[in-house]
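A.B. asks: Given next are the chains, with one letter for each unit.
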Amino acid sequence: MSKRTGSQILWECLVHEGVTTVFGYPGGAILPAYDAMLDYPIRHVLVRHEQGAAHMADGYARAGGGVGVAIATSGPGATNLVTGIATAMMDSSPLVCITGQVPTKLIGYDAFQETDIGGITLPITKHNYLVTRVNDIMPALKEAFHLAKSGRPGPVLVDITKDAQQASAEWEWDPRPVKLRGYRPDRPITSSDLAKATALIRASRRPVILAGQGVIQSGAMNELVAFAELVDAPVALTLLGLGGVPASHRLNLGMMGMHGEAWVNHAIQEADLLMAFGMRFDDRVTGNTKTYALHAKKLHVDIDPSEINKNVAADAAIVGDLRETLKDFLDVLEPADHGPWLAYIDSMKGDVAVRDIQNLPDSGHLYAAHVINDIWRITEGKAVVVTDVGQHQMWEAQYYHHETPRSLITSGGLGTMGFALPAAIGAKIARPNAEVWAIVGDGGFQMTQAELTTAAQEGVKVNVAIINNGYLGMVRQWQEFFYERRYAATPLRSPDFVKLADAHGLAGFRVDARPQVMDVVQQARATDSTVLIDFRVEQEDSVYPMVPAGADLHAMIRRPEPSVLAETGADPI
Amino acid sequence: MHHTLVALVEDKPGVLNRVASLFRRRAFNIESLTVGRTAEPGVSRMTIVIDSDQASAERVTAYLYKLVNVLQVEDLGATPAVARDLALVKVTVAGHDRAALLRVVDETRAHIVDTGEQTMTLEITGEPPHVDAVIGRLEPLGIIEMVRTGQVAMRRGDTALSAAQCS
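Chains A and B, in that order, give the protein sequences. Residues in the first sequence are numbered from 0 upward in steps of one, following numbering that gives the first Met the number 0. Residues in the second sequence are numbered from 0 upward in steps of one, following numbering that gives the first Met the number 0.
Hints are computed from structural coordinates only; laboratory data are not their basis. Possibly wrong hints are sitting among the right ones.
Cut-off 30 Å, straight-line C-alpha distance, at most; resulting in silico cross-link-like pairs (DSSO-like, lysine-lysine) [as the list claims (entries may be wrong)]:
1. Lys65(B) x Lys326(A)
2. Lys381(A) x Lys460(A)
3. Lys65(B) x Lys195(A)
4. Lys178(A) x Lys309(A)
5. Lys141(A) x Lys65(B)
6. Lys195(A) x Lys141(A)
7. Lys65(B) x Lys289(A)
8. Lys498(A) x Lys460(A)
9. Lys178(A) x Lys65(B)
10. Lys89(B) x Lys178(A)
11. Lys195(A) x Lys309(A)
12. Lys460(A) x Lys148(A)
13. Lys309(A) x Lys89(B)
14. Lys289(A) x Lys309(A)
15. Lys11(B) x Lys2(A)
16. Lys141(A) x Lys89(B)
17. Lys89(B) x Lys148(A)
18. Lys11(B) x Lys104(A)
19. Lys309(A) x Lys65(B)
20. Lys11(B) x Lys65(B)
21. Lys11(B) x Lys148(A)
22. Lys195(A) x Lys326(A)
23. Lys2(A) x Lys141(A)
24. Lys289(A) x Lys348(A)
25. Lys178(A) x Lys2(A)
26. Lys65(B) x Lys296(A)
27. Lys148(A) x Lys178(A)
Note that the structure is predicted; figures quoted are calculated from it, not measured.
In isolation and in its complexed conformation, chain A is listed as follows (with noise of 0.2 Å):
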């Protein structure tokens, strides 16, 4: 036992933990805590907003696997963390935000920057925590790490009033593991539904495993290839599932859903049997539920009980950890022989390959398409990609081929466009030997393009790829099938982006034509520094297929032939 004040506490309790890197910003109810973590070895990344914080706190959470720590003062500095929490919510990323909160005796009285955080994040946070005493801080945040990372992974706010930072206390770190009566993420797998689910799988003649990012959490990628091995089932992703099997593999059919490509989603309205596999049945991925794979049983496995039947009912259904699922699978299936069903699918893929932009002549126009897949060639495929939301998020999905997990890191669920500067600045410290790239939007970037001078003062270096078609893209893309070519508030201005690298004294290119990729996309690697690439490209191109929003998963539009190829001028407006 020694004597520690709240905010030390804080600090010790995080450095137990095995934190060595928070993303912030200071403010007057978080001072006591700023004081005191000069004494600690953390690493401080100082952001320019707050929402920084979280996305960078995410992508760190995202790319290594473990916890990520945002932290903001009370009132602005808290809801600016608002939209990060609620990204890491819906894509289930274990981050621990600490905030701090007005003195307890003025909580209640509207006191200079007060706000009821607790409040505010309750439906966007996993669980959260109202700190008023210096002894609750070690258990609130000892619970909050356990929570983060535990059972589904998820945000957990902590908030701590400026008096029980500045309190003391007898103190010694309690090495007991959390338990909390509550809470129970480690579910047993039951003998019967494990029966139940290998029963379908063994009456299966037209199988096909919808891969989530409950394989990357649960760690179960090689599990997973040998179960779809074993069974020889081919295997659909969701967005946040890429990387969850070698893009490479025989078996990967690739993302399913509104832009996935159209063997995918036939594949899965035809088959007999749908696997899903630490995925939601989001409705991105479903489409119209009443004609969703109707001929299909559905067996689910998921750690979180409440989604099973949420959206899509299940004929047999394992509450548990993926991994240990797959285990006790392989453990008791025998091997199965799909091969007439495979090549069904496979025949499926030829007409795709005519209507795909990569076999489309080069007119001179610069694509989307033709950038990200030029920088999948050039990186090997071995680059950490960080999108933003929106078309070029579609075509990454598509043109980049993801061969290993927590390699995609994209705000799917909630959508949240701002996410990837920041985000792969968190990424790159998680993963500081892995290269980086920032894929994102003319839009989405000037959403948080002020962390571009976070990257230039921690001298972290990520290379971004602006996708700049001079529009919101995926908006302008709706307007365009859906709303009668009316681009209501969707042609973007953009500053000059080189001149914004220069001003960071950071390198800055401009690209218009496709021969000149590959080198400027070599130059980008081979510097020390943050690079910022403007790539210029086809201003009203859209993402095919597309699956409109509620329509059935099988009524895609398609990729027109290259005649009708809407060509604009490359310069945005």
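Knowing the structure of chain A, use the given hints to seat chain B on it.
C.D. replies: Below, chain B alone, put in the same frame as chain A:
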């Protein structure tokens, strides 16, 4: 269809808010919600009545379990249960036959708990349909104020819902 859910929760600040927020966020309509102590210190009991189908009730149960402070949840829709609702009803006695009111009291097991110069206050306890029926008979006599506790419920028989297994 009505579902009566019983939740044993930790008695900590903000738990009621967490539960209520969950129903709001997932777009379930709460018909009544009561909270009170249990025999176990630190554990509160909520009885929540919602209008939903069976699948939705199962979803709500799963969502409730996701709340860290929720220990046990039971859907009493599937088990025989005792349910009680209590109403206090203030009825005017001016301008009509006091005997009519007393007849209702006599026939419905209501209790007179207060009398004023112009009013009489009744306590009605019973299964919610019984309370509804009594109130229906009082309405023509002139209800001027009413409060209902909402339903509390408990499984019949020897088995008990307990948070003891969550230790």
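A.B. asks: For each hint given before, does the structure comply? Return the numbers of the non-compliant ones in rising order.
C.D. replies: 6, 10, 13, 16 and 17
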